[in-house]
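> All chains, full assembly: derive it from the sequences and hints.
The numbering used here puts the sequence shown at residues 54 to 301.
Just so you know, not all the hints are guaranteed correct.
[Said to hold, decoys possible] If you anchor each label on the Cβ, the simulated ranges turn out as follows:
hint	residue 1	residue 2	range
1	Asp200	Glu95	23 to 33 Å
2	Tyr288	Thr197	17 to 27 Å
3	Arg134	Thr219	23 to 33 Å
4	Glu95	Thr181	25 to 35 Å
5	Glu298	Met54	41 to 51 Å
[As the list claims (entries may be wrong)] Computed list of lysine to aspartate or glutamate pairs in EDC-like fashion (alpha-carbon distance at most 20 Å, straight line):
hint	residue 1	residue 2
6	Lys82	Asp116
7	Lys212	Asp283
8	Lys242	Glu298
Hint data in this document are derived by calculation from the structure and do not stem from the laboratory.
It should be emphasised that the depicted structure is a prediction, and the values quoted were computed from it without experimental measurement.
In this text, a Cβ means the ideal position worked out from N, Cα and C, and glycines have one as well.
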Amino acid sequence: MAIVYDKSKGLTDVELHFCPGCTHGTVHKLVAEVLVELDVLEKSVGVAPVGCSALSYDYFNCDMQQASHGRAPAVATGIKRVNPELVVWTYQGDGDLASIGTAEIIHVAHRGEKITTIFINNAIYGMTGGQMAPTTLIGQKTTTTQDGRTVEHSGKPLKMAEMLATIDGAKFVERVSVDTPTNIRKAKKAIRKAFELQLSGKGFGIVEVLSTCPTNWALTPRDSLQWLRDNMMPYYPLGNFRTPEEDE
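Shown next, in the form of structure tokens:
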């Protein structure tokens, strides 16, 4: 029988711990496939901080390093500078990257560190109990905004891709989604471009991925995908915000 689909060699055989309907697993698959297709799996080092990404070292079939909450970019910088021949990348959620790690990611971009960041935006703190994140939408209910987030109390949600795209050292910035097969293919293309940027040594690259959190959103997996389309995409539009060609 002909093999129609074979799991990427970039992933281990460990069963994922993510909740049903969570799209972290889809992004894991895309990153793993890209590392294999670029033939860099054996020289890759991923850095995972605190959050839903914390167990990534069990899933990716390459060297992984755990980092403190928000500090993955700093750890990745150290690894890359000591071992410039390695392909170094971080895998971070919005509670991590856009909150406690905001300064880290901004200064990594400012310095133009030659690393790659995969940024998962599901508009909520996933692992720690569903609290409001910097990316939580106005009116969105969380365990710490039970009447919905308001501008008066918390300001507007941070648009990380747009903000990072203004920094010269950030050479590739794109926002994608994994809600449909078409968007999944586009997401993989963007992830590949971000890693190719690192291989070319041109600077920092980041891909923001709009993702679901059915458990903390209190929705079914199917309804969470529609909620993402109806609520997240209008505020966080998909698209490329910066490419290396703009600086040439």
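> Next, verify each hint and record whether it holds.
Taking the hints in turn, this is what the structure says about them:
At about 51 Å, the CB distance of Asp200 to Glu95 disagrees with the hint of 23 to 33 Å. With their beta carbons about 19 Å apart, Tyr288 and Thr197 fall inside the hinted range of 17 to 27 Å. Roughly 24 Å separates the CB atoms of Arg134 and Thr219, a value that falls within the hinted 23 to 33 Å. A hinted range of 25 to 35 Å for the beta carbons of Glu95 and Thr181 is consistent with their spacing of about 34 Å.
Between Glu298 and Met54 the CB atoms are about 45 Å apart, so this pair conforms to the stated range of 41 to 51 Å. The suggested pairing of Lys82 with Asp116 holds, with an alpha-carbon distance near 16 Å, which does not exceed 20 Å. A C-alpha spacing of about 17 Å is found between Lys212 and Asp283, which places the hinted pair at or below 20 Å, so the restraint holds. The straight-line distance between the Cα atoms of Lys242 and Glu298 is roughly 17 Å, inside the 20 Å bound, and the hint therefore holds.
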